[in-house]
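Chemist: Sequence:
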Amino acid sequence: MHLMSKCPHCDVNIFLEDFFEVEVKESRKGKIKKRISGFKGEFMSIGFKNEVKMWSCPSCDKIIGFSEYKWDVKM
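So for the sequence shown, the numbering used here puts the first residue at 142; every next one is plus one.
Bear in mind the hints are in silico, worked out from the structure with no lab data behind them. From the three backbone atoms N, C-alpha and C, an ideal C-beta is built for every residue, glycine too. There's no promise every hint is true.
So the derived label-pair ranges between C-beta atoms look like this [what the hints assert, rightly or not]:
1) ILE204 / ILE173: 15 to 23 angstroms
2) ASN154 / LYS190: 31 to 39 angstroms
3) GLU158 / GLY206: 35 to 43 angstroms
4) LYS170 / CYS201: 19 to 27 angstroms
5) VAL163 / LYS203: 36 to 44 angstroms
6) PHE161 / PHE189: 21 to 29 angstroms
7) ARG169 / PHE189: 29 to 37 angstroms
8) CYS201 / GLU167: 30 to 38 angstroms
9) LYS147 / PHE207: 15 to 23 angstroms
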């Protein structure tokens with residue numbers, strides 16, 4: 142697991158795997174490989190084609206922050 146930080150509200154350790162789907166595969170040589178796929182959180186539309194990801198603590202469910210996820214200036 143990849144430790145990101147601690148929740149500022151409840152002080153619980155937050156891991157990258159708490160926010161994303163993780164696929165675990167074994168290679169032909171026997172090595173374990175992890176691949177991050179879809180975001181588990183919520184998406185919010187804040188404009189015409191502008192969306193953000195909402196990051197919330199998996200333990201206390203309080204909002205930690207937002208990050209811009211899509212910006213498309215093409216029309």
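Chemist: Does each hint fit the structure? Answer for all of them.
Modeler: Hint-by-hint comparison with the structure:
As the Cβ distance of ILE204 to ILE173 is approximately 33 angstroms, the hint placing it in 15 to 23 angstroms is violated. Remark: the range hint 31 to 39 angstroms for ASN154 to LYS190 is upheld by a beta-carbon distance near 35 angstroms. Under the hint 35 to 43 angstroms, the C-beta atoms of GLU158 and GLY206, about 18 angstroms apart, miss the expected range. In this structure the supplied range 19 to 27 angstroms is violated for LYS170 paired with CYS201, their Cβ-Cβ distance being about 41 angstroms.
Distance hint check: the CB atoms of VAL163 and LYS203 are about 23 angstroms apart, inconsistent with the given range 36 to 44 angstroms. At roughly 27 angstroms, the beta-carbon separation of PHE161 and PHE189 lies within the given 21 to 29 angstroms, and the hint holds. Between ARG169 and PHE189 the C-beta distance comes to about 46 angstroms, which lies outside the given range of 29 to 37 angstroms. For the pair CYS201 and GLU167, the beta carbons lie near 35 angstroms from each other, so the given range of 30 to 38 angstroms is met.
Between LYS147 and PHE207 the beta carbon distance is about 19 angstroms. The supplied range of 15 to 23 angstroms therefore holds.
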